[in-house]
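Protein chains in written order, with the numbering used here: chain A, 1 to 211; chain B, 1 to 95; chain C, 1 to 535; chain D, 1 to 324.
Simulated from the structure, these hints should not be mistaken for lab results. Glycine included, C-beta positions come from ideal geometry on N, C-alpha and C. Be aware that a few hints might be false.
[To be verified] So the derived list for chain C, only partly shown, Cβ under 7 Å to chain B, looks like this:
hint, residue
1, Leu38
2, Ser312
3, Tyr314
[Stated by the list, open to error] Calculated from the model, a selection of chain B residues having no Cβ within reach of chain C, i.e. all distances over 12 Å:
hint, residue
4, Thr7
5, Arg10
6, Gly20
7, Leu31
8, Ala49
9, Leu51
10, Gly73
11, Leu77
12, Met80
13, Ala85
14, Phe89
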Amino acid sequence: MSAPAAPLPEAYADARQRDVANHLGMWAFLATEILFFGGLFLAYFIYRSTYPAAFAAGSRTLNFWRGTFNTAVLLGSSLSMALGDAYIKQGRRRALQVCLATTAVLGAVFLAVKASEYHEMYAKHLLPGRGFEAGAAPGLQLFVLLYFTMTGLHAFHMLVGLGLMAWLLRQNRRGRFTPARHAPIEMFGLYWHFVDCVWVFLYPLLYLIPR
Amino acid sequence: MPESAATFRRLYTTFGALIGLLVVTAAVSSLPSGWWSTPLSLLIATAKAALIFTIFMRLRDQPALVRIFALVGFFWLAIMLTLAAADYFTRFWPA
Amino acid sequence: MSSAVPAPPDQPSYLGAETTVASWLGTRDHKRIALLYLFTITGFFVLGAVAAALMRWQLAVPSADLVTSDTYNRLFTLHGVVMVWFFLIPSIPTVLGNFLLPLMIGARDVAFPKLNLASWYIFVVGGLLALYAIVVGGVDTGWTFYTPYSSTYANGHVMVMAAGIFVAGFSSIATGLNFIVTVHKLRAPGMRWFRLPLFVWAIYATSVIMVLATPVLAITLLLMGLERVCGIGIFDPRIGGDPLLFQHLFWFYSHPAVYIMILPAMGVMSEIITCFARKRIFGYPVMAFSILSIAGLGFLVWGHHMFVSSQSVYAGVVFSFLSFLVSVPSAIKVFNWIGTLYRGSITLATPLLYALGFLALFTIGGLTGLFLATLAVDVHLHDTYFVIAHFHYIMVGGGVMAYIGGIHYWWPKISGRMYPERWAAFAAVTIFVGFNLTFFPQFLLGYLGMPRRYQIYPAEFHTLNVVSSLGAVVLAVGYLLPLFYLPRSFFRGPLAGPNPWKATGLEWQTPSPPPPENFGETPVVTGPPYDYPPL
Amino acid sequence: MKALAGPPSDWLPAASGVAPRVDHALRGLLGASLFMVVVLTALTLYILIRYRRGSGASRRPLRIATWKIEATWIGGTLAVFLCFFFEGAGVYAEMERIPPGLREISVTGRQWMWDVRYPSGRREFNAIHVRLGTPVRIVLSSEDVIHSFYVPAFRIKQDVVPGKIVSTWFDPTRAGTYTLFCAQYCGTAHAQMLGQVVVLDDSDYAAWAHGGSHPGEGAAPAARGQAVYRRLGCAACHEGPGATPAPSLRGLYGGIAVMADGRRLQADEQYLHDAVLDGPHFRVAGYPPTMPTFAGILAPADTVDLVAYLESLGRTPPSAPARP
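Use the sequences and the hints to build the structure in full.
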């Protein structure tokens with residue numbers, strides 16, 4: 001795309017203002033994500049109060065240990081992402097590369113464990129729809145539906161994150177990021193931590209519903 | 001702003017706190033539960049989210065405007081939840 | 001007043017700087033992106049208007065036989081979806097907002113120019129998806145997509161249409177996000193919040209609604225789509241789901257969406273009335289605060305769409321009370337506009353004609369909204385033609401009148417040339433007369449009990465429908481006129497010069513059409529807006 | 001404006017107990033709105049003329065503080081609005097509070113017809129007969145999508161949500177026949193999902209209740225059959241411009257009917273009789289299984305009359321457009 005005759009000078013007076021503008025833009029986007037997941041949390045909140053017993057039964061069908069392990073994995077990936085961001089601010093590109101790789105691996109582990117849980121649900125005939133075990137408590141199928149929708153949407157956001165990390169890894173290998181110019185890393189960090197926060201709420205709501 | 005060793009130490013301690021909270025909420029949920037167990041697990045989740053927001057996402061050292069942008073999403077979510085709940089929880093009250 | 005030095009005359013305008021197609025399709029200049037949006041949404045307006053014309057033609061006869069029932073259902077769905085998501089929501093924010101926001105706050109461009117262009121492309125992709133859904137057969141669910149009809153019983157191309165709206169929603173979010181950061185971060189030195197023109201306040205409040213409401217539409221359409229594809233979903237009554245949950249989620253977006261449509265129109269009104277009354281706005285802080293409170297309260301009132309939907313009585317009372325609260329700021333703004341006219345020096349140019357049309361029609365629209373907020377009356381009037389008339393008075397009588405008025409008012413700045421005054425005045429009056437002829441009878445039809453979305457109706461509603469259909473012909477003529485004389489004046493109209501209306505405001509300090517960089521060097525603002533010399 | 005002259009209720013009969021109160025609230029709103037429109041229009045026109053450019057009127061700024069003016073009209077508007085809110089809410093609460101012990105009529109909404117069942121076990125389609133002066137409770141349910149039970153003359157409307165039993169009630173205060181609309185969009189023939197609420201005074205109601213004076217008594221079987229055809233609302237699916245959700249009945253008698261499961265049956269009298277009584281078993285190829293069973297609903301005499309009418313219908317060539 002050919003820029004107009006004189007390259008459009010940055011609309012900002014200084015880098016500091018540019019940095020805050022980036023943060024404002026990213027946080028506004030995260031506000032939309034909060035409300036995007038919020039629709040599902042509303043559905044969960046309404047149906048859990050309508051079918052409390054079915055939700056408790058549904059929660060027991062989930063694998064508690066895998067859920068807890070997954071939460072720890074995701075918290076770990078958040079740590080490595082935060083470390084990576086701190087390293088690039090010191091200009092240590094190799095340390096950033098290691099942290100990004102660690103984050104990606106932990107993300108992949110999370111998704112693998114999640115896939116195994118989905119398979120386990122399939123094995124127990126708990127997939128919503130025709131295959132659903134007959135005679136289940138009313139609302140149990142709703143819980144399972146909500147479980148798949150919420151964790152599915154979260155997993156989708158993780159996949160998008162892994163894709164972005166692949167791009168960041170390639171850019172970092174080409175030395176694009178310096179202490180002065182590391183906005184993509186910081187912005188992606190906000191996105192990744194946010195996805196982790198969504199899981200921080202999903203975990204108790206889905207796995208820890210008391211008897 | 002230079003990343004001092006203190007920043008790294010803060011990151012590690014925050015991670016420790018997060019794992020600690022995870023252990024607590026997992027442990028509490030396996031004990032016999034009462035009416036308090038769901039609010040408690042949500043409280044712990046909020047604490048973990050708050051830690052991630054302030055430390056990992058560096059809301060601590062952002063200007064007030066960025067903090068407002070961070071919280072406005074939750075405020076509107078609260079509007080949606082409370083007013084929708086106003087419908088669902090009063091449906092079967094005597095007219 | 002501001003002391004900006006106008007850019008050197010030999011600087012080429014944003015139109016003349018480059019004329020290759022690539023320079024338009026790859027532009028990052030907010031002014032060119034505004035024109036891209038102008039062409040796109042005008043096309044969608046014509047498509048939606050054709051659907052409306054066919055509907056009015058069908059309804060001219062009780063046992064209508066112009067189109068089959070199924071085709072009529074697809075027509076009103078097309079009219080609803082295209083007009084709501086592909087014309088009204090983008091209209092003022094993306095055309096006038098994109099063009100004027102940086103100019104009015106003395107900035108060189110929006111905060112994220114690349115994102116601004118991306119939002120137009122996202123809008124076009126969403127539009128193409130919707131067009132594809134229409135061309136291959138259309139959708140027969142109504143623009144509200146209520147489940148379980150939309151997810152289980154509808155046989156149209158619901159998925160493709162929902163995908164189109166889902167994608168267009170992201171364009172809305174991107175634009176809103178861009179404007180919010182622009183207003184916060186790119187105001188010229190001295191341009192404090194209370195020195196912002198009210199149009200900027202309106203665009204800012206609209207952007208907040210766009211960013212905070214549109215995601216809920218996205219999740220609602222996604223869940224409806226999942227339920228349609230998988231045959232099972234969380235709204236499915238067969239497994240204990242609640243169709244009302246869909247309505248709660250849908251209207252949590254869709255009521256703030258109607259404020260996305262009307263708030264920018266209110267911003268345009270404040271600019272036009274102050275200019276042609278040569279007088280400062282009456283009660284600036286109250287006007288600015290009213291805009292914000294409309295945006296805020298707009299999120300609390302969605303339940304008034306569900307009074308008869310077996311929602312709980314107590315929730316109905318709560319939502320009715322909040323709906324009355326949200327209508328107070330709108331009433332205040334009408335009073336303040338009339339207060340601005342008082343003791344002004346008024347010239348009846350075309351933009352003011354549109355503004356006065358807005359005043360009359362928006363007042364009627366607002367008052368009839370009170371009928372629908374009153375619980376007992378809404379039980380009778382809900383889902384009838386009274387509701388159709390109410391929201392057309394607000395969205396078409398208010399939103400579209402202000403949009404066309406704004407296009408005329410800033411036409412000299414956009415094109416550098418003047419529109420033909422006499423033709424424009426005639427068009428404005430034709431639209432006003434045609435509009436009232438078309439929609440006022442529908443209030444009476446609604447009271448008499450004619451439900452909406454009926455293509456065959458009992459004979460006693462016949463005469464009023466004939467009047468309405470005739471009015472639609474007059475309205476169509478009124479809308480066609482600007483489509484002819486505006487493009488013509490874009491190339492052959494008399495040159496307008498930087499400030500033909502002698503208006504205040506930074507956008508009038510630059511040459512028309514403005515250069516790509518808007519201002520030679522960033523202006524400094526020293527006084528409040530609308531600072532017209534005392535009369 | 002006619003509304004000013006006569007109270008709106010003489011445009012649309014106020015035929016239920018709550019209707020006058022709704023009309024009262026509505027007239028209050030109408031009066032306030034007309035007052036505001038007149039005042040604001042007059043004020044604006046006065047300002048436009050008096051303060052047009054070049055007129056000699058004084059442009060001295062107002063001496064009264066603007067915040068005082070703002071406060072008055074903010075307060076004034078809020079006060080008026082709250083009055084309307086309280087009145088509306090009061091009447092609404094009365095509408096929604098269903099008196100206990102009312103006679104219950106169950107009405108099921110099904111794509112494009114109202115299926116009415118009385119406590120006596122009697123069943124009707126698209127018609128409800130009630131006695132003047134005795135309020136009834138309508139128990140609403142839906143078998144497919146959301147419909148809405150709307151009787152303008154009674155000023156009542158209640159969405160019929162599938163998966164839920166919802167009730168509304170009305171106290172008929174005026175004899176006559178009032179149209180019942182479906183107000184929530186429910187598909188292709190949403191506009192044909194009409195019904196009648198017939199309010200009969202005591203004598204007519206008693207006659208209807210115990211045997212029911214079938215309209216068209218004593219006329220030729222085909223004519224009586226046509227009345228049954230109309231009463232059951234068969235036209236909603238079997239007729240209509242263009243594609244209809246059910247096979248057209250014109251030109252059917254004497255021809256061959258191809259069933260969904262491939263059977264080819266001679267459309268004789270027996271076929272028509274069986275297809276009416278046991279619809280689902282005789283589903284025609286290419287049509288959805290929406291035909292309800294009429295066994296136990298149609299008295300044998302009605303069935304014979306209906307078949308007679310279908311025969312007469314069958315002889316007219318299919319090309320004649322069926323005018324709904």
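Per the stated criterion, does the least C-beta distance between B:Ala49 and chain C lie above 12 Å, as a non-interface residue requires? Its Cβ never comes within 12 Å of chain C, the nearest being 18 Å, so this holds.
Restraint outcome when C:Leu38 is required to lie within 7 Å of chain B by C-beta distance: At 30 Å from the nearest chain B Cβ, C:Leu38 fails the 7 Å test, so the hint is violated.
Minimum Cβ distance from B:Ala85 to chain C greater than 12 Å, as the annotation requires: violated, 9 Å
Beyond 12 Å on every Cβ pair: is that true for B:Phe89 relative to chain C? violated, 8 Å
Interface hint outcome for C:Tyr314 [beta carbon to chain B under 7 Å]: holds, 4 Å
Minimum Cβ-Cβ distance from B:Gly73 to chain C exceeds 12 Å: Violated, because the least Cβ-Cβ distance between B:Gly73 and chain C comes to about 7 Å, which does not exceed 12 Å.
Would the non-interface assignment of B:Arg10 survive a Cβ cutoff of 12 Å against chain C? At roughly 29 Å from the nearest Cβ of chain C, B:Arg10 sits farther out than 12 Å, so the non-interface label holds.
Is B:Leu77 truly not at the interface, in the sense that its beta carbon sits beyond 12 Å from all beta carbons of chain C? Incorrect as stated: the minimum Cβ-Cβ distance to chain C is 9 Å, not above 12 Å.
Compute the least Cβ-Cβ separation between B:Leu31 and chain C, then decide whether it is above 12 Å. Nearest chain C Cβ is 30 Å from B:Leu31, so the label holds.
Restraint: C:Ser312 near chain B, CB-CB cut 7 Å. Satisfied or not? holds, 4 Å
Distance rule for B:Leu51, whose beta carbon must clear each one in chain C by more than 12 Å: Its Cβ never comes within 12 Å of chain C, the nearest being 25 Å, so this holds.
For B:Gly20, which was marked as not at the interface, is the minimum beta-carbon distance to chain C over 12 Å? holds, 33 Å
Going down the numbered hints, you'll see the structure goes against 1, 10, 11, 12, 13 and 14, while the others check out.
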